[in-house]
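Line by line, the protein sequences are chains V and G. Letter 110 of the first sequence, counting from 1, is numbered 110 in this note's numbering, and no numbers are missing. Letter 172 of the second sequence, counting from 1, is numbered 172 in this note's numbering, and no numbers are missing.
Derived from the structure by calculation, the hints contain no laboratory data. Some hints here could point you the wrong way.
[Stated by the list, open to error] Computed list of lysine to aspartate or glutamate pairs in EDC-like fashion (alpha-carbon distance at most 20 Å, straight line): (1) G:Lys369 <-> G:Glu400; (2) V:Lys425 <-> V:Asp80; (3) G:Lys3 <-> V:Glu447; (4) V:Lys192 <-> V:Asp238; (5) G:Lys3 <-> V:Glu51; (6) V:Lys445 <-> V:Glu331; (7) G:Lys123 <-> V:Glu226; (8) G:Lys101 <-> V:Glu331; (9) V:Lys191 <-> V:Glu226; (10) V:Lys202 <-> V:Glu45; (11) G:Lys123 <-> V:Glu76; (12) V:Lys425 <-> V:Glu365; (13) G:Lys29 <-> V:Glu395; (14) V:Lys431 <-> V:Glu365; (15) V:Lys192 <-> V:Glu226; (16) V:Lys74 <-> G:Asp36; (17) G:Lys395 <-> V:Glu72; (18) G:Lys29 <-> V:Asp80; (19) G:Lys29 <-> V:Glu76; (20) V:Lys266 <-> V:Asp276; (21) V:Lys192 <-> V:Asp130; (22) G:Lys3 <-> V:Asp80; (23) G:Lys101 <-> V:Glu51.
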Amino acid sequence: MMSTMTNERADSPACATASLGNYRFHDLPDPSKWADCVHCGMCLESCPTYEQTGQEQHSPRGRVHLMKSVGEGKLELTPDLLDPIFTCLDCRACTTACPADVDVGGLIEQVRGQLRQAVPLTGWKAFVSDLFLKGVFPHPSRLDWLGRLLKWYQKSGLQTVARKTGLLKVMPDHLAEMEAILPEVGTPVRKKYRHQPLIKAKGETKRTVAILTGCVMDVMFSDINEATIRVLTRNGNDVVIVPNQTCCGALHVHAGDRETGRKLAKQNIEAFQDVDHVIVNAAGCGCMLKEYPELFRHDPEWHEKAEQFAAKVEDVSKFLHDTGFKPPKAELNVRLTYHDACHLAHGQGIRQEPRALIESIPGMEMVAMPNADRCCGSAGIYNITHPDMAQAVLESKMQHVPQEVELISMGNPGCMLQMALGVKKYGRSQKIVHTVQLLDWAYQKEEGKDVRI
Amino acid sequence: MRKRPIATSDPHIQALARIVGEQAILYRKEDLMAYDCDGFTVHRHLPKAVVFPNSTEQVAAVVKYCHDHDLPFLARGAGTGLSGGAIPLNGEVVISLTRMKRLLHVDLENRRAVVEPGFVNLKLTNSVAHRGYYYAPDPSSQYCCTIGGNVAENAGGAHCLKYGVTTNHILGLEVVLPNGEVIEIGANGVPDPPGYDLLGLLTGSEGTLGIVTKITVRLLKNPEAKQTVLAYFDEVEDASQTVSDIISAGIVPAALEMMDQTAIEAVEAAAFPVGHPKDIAALLLIEVDGISAGIDEQIDDILTICRRHHVREVKVAQSEEERARWWANRKTGFGAMGAISPDYLVQDGVIPRSRLPEVLNEIANISRKYGLRIANIFHAGDGNLHPLVLFDASKPGETERALAAGSECLKACAAVGGSITGEHGVGIEKKEEMRFIFTDEEILAQTAIRDVFNPKNLLNAGKLFPTPGRCVETKTPSTVK
Numbered sequence: 001m002m003s004t005m006t007n008e009r010a011d012s013p014a015c016a017t018a019s020l021g022n023y024r025f026h027d028l029p030d031p032s033k034w035a036d037c038v039h040c041g042m043c044l045e046s047c048p049t050y051e052q053t054g055q056e057q058h059s060p061r062g063r064v065h066l067m068k069s070v071g072e073g074k075l076e077l078t079p080d081l082l083d084p085i086f087t088c089l090d091c092r093a094c095t096t097a098c099p100a101d102v103d104v105g106g107l108i109e110q111v112r113g114q115l116r117q118a119v120p121l122t123g124w125k126a127f128v129s130d131l132f133l134k135g136v137f138p139h140p141s142r143l144d145w146l147g148r149l150l151k152w153y154q155k156s157g158l159q160t161v162a163r164k165t166g167l168l169k170v171m172p173d174h175l176a177e178m179e180a181i182l183p184e185v186g187t188p189v190r191k192k193y194r195h196q197p198l199i200k201a202k203g204e205t206k207r208t209v210a211i212l213t214g215c216v217m218d219v220m221f222s223d224i225n226e227a228t229i230r231v232l233t234r235n236g237n238d239v240v241i242v243p244n245q246t247c248c249g250a251l252h253v254h255a256g257d258r259e260t261g262r263k264l265a266k267q268n269i270e271a272f273q274d275v276d277h278v279i280v281n282a283a284g285c286g287c288m289l290k291e292y293p294e295l296f297r298h299d300p301e302w303h304e305k306a307e308q309f310a311a312k313v314e315d316v317s318k319f320l321h322d323t324g325f326k327p328p329k330a331e332l333n334v335r336l337t338y339h340d341a342c343h344l345a346h347g348q349g350i351r352q353e354p355r356a357l358i359e360s361i362p363g364m365e366m367v368a369m370p371n372a373d374r375c376c377g378s379a380g381i382y383n384i385t386h387p388d389m390a391q392a393v394l395e396s397k398m399q400h401v402p403q404e405v406e407l408i409s410m411g412n413p414g415c416m417l418q419m420a421l422g423v424k425k426y427g428r429s430q431k432i433v434h435t436v437q438l439l440d441w442a443y444q445k446e447e448g449k450d451v452r453i
Numbered sequence: 001m002r003k004r005p006i007a008t009s010d011p012h013i014q015a016l017a018r019i020v021g022e023q024a025i026l027y028r029k030e031d032l033m034a035y036d037c038d039g040f041t042v043h044r045h046l047p048k049a050v051v052f053p054n055s056t057e058q059v060a061a062v063v064k065y066c067h068d069h070d071l072p073f074l075a076r077g078a079g080t081g082l083s084g085g086a087i088p089l090n091g092e093v094v095i096s097l098t099r100m101k102r103l104l105h106v107d108l109e110n111r112r113a114v115v116e117p118g119f120v121n122l123k124l125t126n127s128v129a130h131r132g133y134y135y136a137p138d139p140s141s142q143y144c145c146t147i148g149g150n151v152a153e154n155a156g157g158a159h160c161l162k163y164g165v166t167t168n169h170i171l172g173l174e175v176v177l178p179n180g181e182v183i184e185i186g187a188n189g190v191p192d193p194p195g196y197d198l199l200g201l202l203t204g205s206e207g208t209l210g211i212v213t214k215i216t217v218r219l220l221k222n223p224e225a226k227q228t229v230l231a232y233f234d235e236v237e238d239a240s241q242t243v244s245d246i247i248s249a250g251i252v253p254a255a256l257e258m259m260d261q262t263a264i265e266a267v268e269a270a271a272f273p274v275g276h277p278k279d280i281a282a283l284l285l286i287e288v289d290g291i292s293a294g295i296d297e298q299i300d301d302i303l304t305i306c307r308r309h310h311v312r313e314v315k316v317a318q319s320e321e322e323r324a325r326w327w328a329n330r331k332t333g334f335g336a337m338g339a340i341s342p343d344y345l346v347q348d349g350v351i352p353r354s355r356l357p358e359v360l361n362e363i364a365n366i367s368r369k370y371g372l373r374i375a376n377i378f379h380a381g382d383g384n385l386h387p388l389v390l391f392d393a394s395k396p397g398e399t400e401r402a403l404a405a406g407s408e409c410l411k412a413c414a415a416v417g418g419s420i421t422g423e424h425g426v427g428i429e430k431k432e433e434m435r436f437i438f439t440d441e442e443i444l445a446q447t448a449i450r451d452v453f454n455p456k457n458l459l460n461a462g463k464l465f466p467t468p469g470r471c472v473e474t475k476t477p478s479t480v481k
């Protein structure tokens with residue numbers, strides 16, 4: 001049935017009209033992805049939204065079943081399908097749990113692409129989505145401008161006034177909560193190094209790497225980008241910041257806007273054409289870059305380019321680990337725990353490397369977090385689009401954070417914001433850090449600098 | 001999880017929503033489709049609605065409503081069952097127990113615990129492990145299946161060879177009867193009360209006699225020591241002779257599992273490969289546990305028996321990680337079939353251990369006859385065979401061929417004096433095959449028992465027993481008359 005219903009061939013031109021059951025738009029889902037699912041249910045308990053609801057349309061197996069049903073013509077792409085398909089956190093925990101390696105996350109993204117075209121956003125949601133996903137994230141200069149605005153808001157005293165006068169109460173609760181944990185905005189590294197295309201390694205140069213500066217990362221967490229550069233150069237890497245890079249497109253692909261995702265992917269593939277290594281410090285972005293080939297399933301030319309590009313991408317923790325980083329000599333006497341970002345552990349299979357980096361620092365006492373690879377509810381902008389579910393998932397996550405630790409380390413900016421929110425909301429005291437920051441501090445201390453964690 | 005108001009004029013949906021709440025009922029096709037089958041995917045039907053009660057009272061109220069309004073209904077846990085016991089064939093109201101998932105009470109002094117039906121099997125062991133206890137029945141789906149579902153199916157598992165199946169671990173049940181009445185059996189977990197063994201009757205009744213809402217289970221102390229052996233054989237006969245000799249040597253392994261070449265191909269292609277050689281005919285996974293003294297001798301004996309039967313390679317797990325990897329590989333065996341086939345259906349025959357080579361030969365013949373591959377995963381110690389018939393439902397006629405092949409496998413098991421199910425239940429899948437082992441009169445005697453509990457036959461109708469022959473009358477749910 002599958003083969004007779006698929007009218008689209010892998011080598012067909014991008015403009016070909018084709019359909020697969022009730023999927024009727026270009027970039028059809030890949031039926032071989034759901035063919036692997038035998039409905040055994042081993043994924044159920046791995047799924048945070050099934051944990052919260054106990055409902056199978058909010059479980060990996062249930063979602064796969066619904067997506068397959070559309071492909072078999074048993075269901076239509078209706079507004080009632082939005083809830084099951086868009087409530088998925090895209091955390092990929094089911095991919096880890098699945099005995100048959102079903103790529104549920106990839107399938108969800110493909111079907112969101114179809115569903116968003118069949119049921120376009122309307123009204124204020126369309127406006128906000130277009131404004132941010134198309135109007136801001138893909139444009140570094142506009143992001144900079146937004147960052148400056150945020151910085152001015154924080155420094156001018158307006159933030160203090162807003163908080164004191166209760167001006168924030170006009171915002172929905174979950175947005176007001178987010179406002180409270182926004183980090184202090186620094187200077188983006190793209191801007192700082194715009195006249196210095198190459199930052200030399202300390203000592204002998206072993207290789208040259210490019211870093212993805214990221215969109216939100218560089219505005220909200222430029223200090224982590226700085227730390228990444230220092231740690232990379234410290235380990236014999238010349239670091240280049242290629243000028244034409246842009247947002248990775250993960251947020252767009254999660255939201256079903258695969259067209260913008262492809263546009264951004266092409267720009268990045270071309271921007272990084274001349275480098276051998278693309279180092280990423282945001283798990284969500286790294287996972288997206290590695291999955292660019294998925295976006296070009298129906299475009300052989302770009303598919304090949306995307307494959308070549310994806311092979312160059314590596315998460316900073318794995319890259320440092322695999323290229324023989326220098327274990328720091330100075331002690332950092334702290335007790336900490338590690339949270340596996342979904343797109344690092346489930347998305348890229350990177351679990352041991354960041355832990356090895358942390359444990360190489362003398363004085364570090366690592367306390368294991370039960371269910372460390374459980375989603376925190378950040379999931380890109382899920383905590384803004386699905387505040388109730390994100391909140392429930394966060395609450396469940398925070399119950400597993402050991403009481404006695406001072407720091408929670410992780411490798412993804414979205415998780416950092418969400419976990420900071422969790423710490424504040426549940427009266428905890430932990431500081432949230434990125435794994436490379438720990439290494440950076442240890443190296444700085446080794447150089448005799450005063451490091452305060 | 002958007003909060004959406006009820007938007008239907010169906011008075012039954014509105015009434016059920018008033019019992020469980022608007023956010024605890026599904027009735028839109030897009031949501032219901034996720035409930036049209038369970039782990040057995042061959043037969044499908046949309047339910048009328050799915051409700052998510054959070055208390056015994058809500059379950060009783062839903063049941064009473066269905067009873068009073070002649071609506072067929074059934075209970076569902078995680079929906080991992082392999083015989084179709086939770087498939088709403090008659091458009092049932094599905095009562096999902098996944099929100100009743102609390103661990104109510106742990107009483108280690110008396111080695112028991114009380115759980116709600118939606119509590120996941122493995123979570124019970126995880127909740128008491130740090131104090132040295134565990135819950136013994138370990139179906140391969142224990143990561144996600146519920147104890148309520150285990151009770152309904154009398155679930156077994158790899159370690160049931162030594163410790164018994166679910167029914168041997170149930171001390172008490174709270175049950176909502178099909179008319180909405182709530183009863184307690186074996187109150188306070190006192191084992192073996194006088195009178196008929198109602199716990200035994202309810203356990204394994206496949207959701208046809210009542211809906212369990214509270215379960216008192218037995219907990220066991222962790223064994224002092226545990227050793228696991230993996231053995232590779234070039235001939236199936238050698239592997240099965242090894243199994244027979246281990247048992248007849250007086251060793252009672254905690255688990256004694258076998259996989260054949262096709263099964264090994266699947267698990268090695270899937271998410272938890274171990275690195276088994278692909279050219280072996282069969283492997284055995286053998287575990288012994290108990291007090292430390294004597295374990296090493298048992299292992300030595302097992303290794304000797306393996307070698308006597310020309311084992312190609314045999315090894316003892318050197319670490320807990322290694323042991324866990326071997327078990328993850330085995331326990332995800334069914335799902336792993338997805339890696340080598342779009343669909344599978346698993347059979348659940350029981351045979352005398354000594355007849356294994358003969359039955360496997362017969363299964364190979366059936367495989368050739370129907371042109372479908374069949375993998376075999378086998379709880380070899382207790383003779384419980386799982387032939388997995390691989391097929392592609394999208395190819396016309398293949399599902400029917402797979403069903404016929406599966407049925408013939410069961411016939412082969414029955415023919416050597418075995419049974420058609422060891423632990424997966426009869427459900428929809430094997431109800432006709434019940435005739436291989438029971439006469440019409442024997443079946444009628446059993447449906448007469450069902451009618452005492454479930455006189456209107458609204459609860460999970462059309463499961464467990466075959467559609468009777470012409471000379472026998474039976475009830476069908478009123479809505480499908």
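Going down the list of hints, with the structure as the test:
1. Straight-line distance between C-alpha atoms of lysine 369 (chain G) and glutamate 400 (chain G) comes to about 14 Å, which keeps the hinted pair within the 20 Å bound.
2. For the hint pairing lysine 425 (chain V) with aspartate 80 (chain V), the CA-to-CA distance comes to about 33 Å; that exceeds 20 Å, so the pair is violated.
3. Among the hinted pairs, lysine 3 (chain G) with glutamate 447 (chain V) is inconsistent with the structure: their alpha-carbon atoms are about 56 Å apart, more than 20 Å.
4. Restraint check for lysine 192 (chain V) and aspartate 238 (chain V): the C-alpha separation of about 17 Å stays at or below 20 Å, so the hint holds.
5. Pair hint lysine 3 (chain G) plus glutamate 51 (chain V) holds up; C-alpha atoms about 17 Å apart against a cutoff of 20 Å.
6. For the proposed pair lysine 445 (chain V) and glutamate 331 (chain V), the alpha carbon gap of about 8 Å is at most 20 Å, so the pair holds.
7. For the proposed pair lysine 123 (chain G) and glutamate 226 (chain V), the alpha carbon gap of about 43 Å is over 20 Å, so the pair is violated.
8. Restraint check for lysine 101 (chain G) and glutamate 331 (chain V): not satisfied, since their Cα atoms lie roughly 46 Å apart, outside the 20 Å limit.
9. For the hint pairing lysine 191 (chain V) with glutamate 226 (chain V), the CA-to-CA distance comes to about 12 Å; that is within 20 Å, so the pair holds.
10. Straight-line distance between C-alpha atoms of lysine 202 (chain V) and glutamate 45 (chain V) comes to about 47 Å, which puts the hinted pair past the 20 Å bound.
11. For the given pair, lysine 123 (chain G) sits about 38 Å from glutamate 76 (chain V) by alpha-carbon distance, which is inconsistent with the 20 Å threshold.
12. Taken as a hint, the lysine 425 (chain V) and glutamate 365 (chain V) pair is broken in the structure, with Cα atoms around 25 Å apart against an allowance of 20 Å.
13. Simply put, lysine 29 (chain G) and glutamate 395 (chain V) have alpha-carbon atoms about 31 Å apart, too far for the 20 Å limit, and the pair is violated.
14. With a C-alpha separation of about 15 Å, the suggested pairing of lysine 431 (chain V) with glutamate 365 (chain V) holds against the 20 Å cut-off.
15. With a C-alpha separation of about 10 Å, the suggested pairing of lysine 192 (chain V) with glutamate 226 (chain V) holds against the 20 Å cut-off.
16. Of the supplied pair hints, the one linking lysine 74 (chain V) and aspartate 36 (chain G) holds, its CA atoms being roughly 12 Å apart against a limit of 20 Å.
17. Distance check on the hinted pair: lysine 395 (chain G) and glutamate 72 (chain V) sit about 13 Å apart at the alpha-carbon level, within 20 Å; holds.
18. Restraint check for lysine 29 (chain G) and aspartate 80 (chain V): the C-alpha separation of about 8 Å stays at or below 20 Å, so the hint holds.
19. A threshold of 20 Å between alpha carbons decides the hint, and for lysine 29 (chain G) with glutamate 76 (chain V) the separation of about 10 Å falls inside it, so the pair holds.
20. Using a Cα cut-off of 20 Å, the hinted pair lysine 266 (chain V) and aspartate 276 (chain V) holds, with the two alpha carbons roughly 17 Å apart.
21. Taking the CA atoms of lysine 192 (chain V) and aspartate 130 (chain V), the gap is about 29 Å. The hint is violated against a cut of 20 Å.
22. Distance restraint check for lysine 3 (chain G) and aspartate 80 (chain V): the Cα-Cα separation of roughly 12 Å lies within the 20 Å cut-off, and the hinted pair is therefore satisfied.
23. Straight-line distance between C-alpha atoms of lysine 101 (chain G) and glutamate 51 (chain V) comes to about 10 Å, which keeps the hinted pair within the 20 Å bound.
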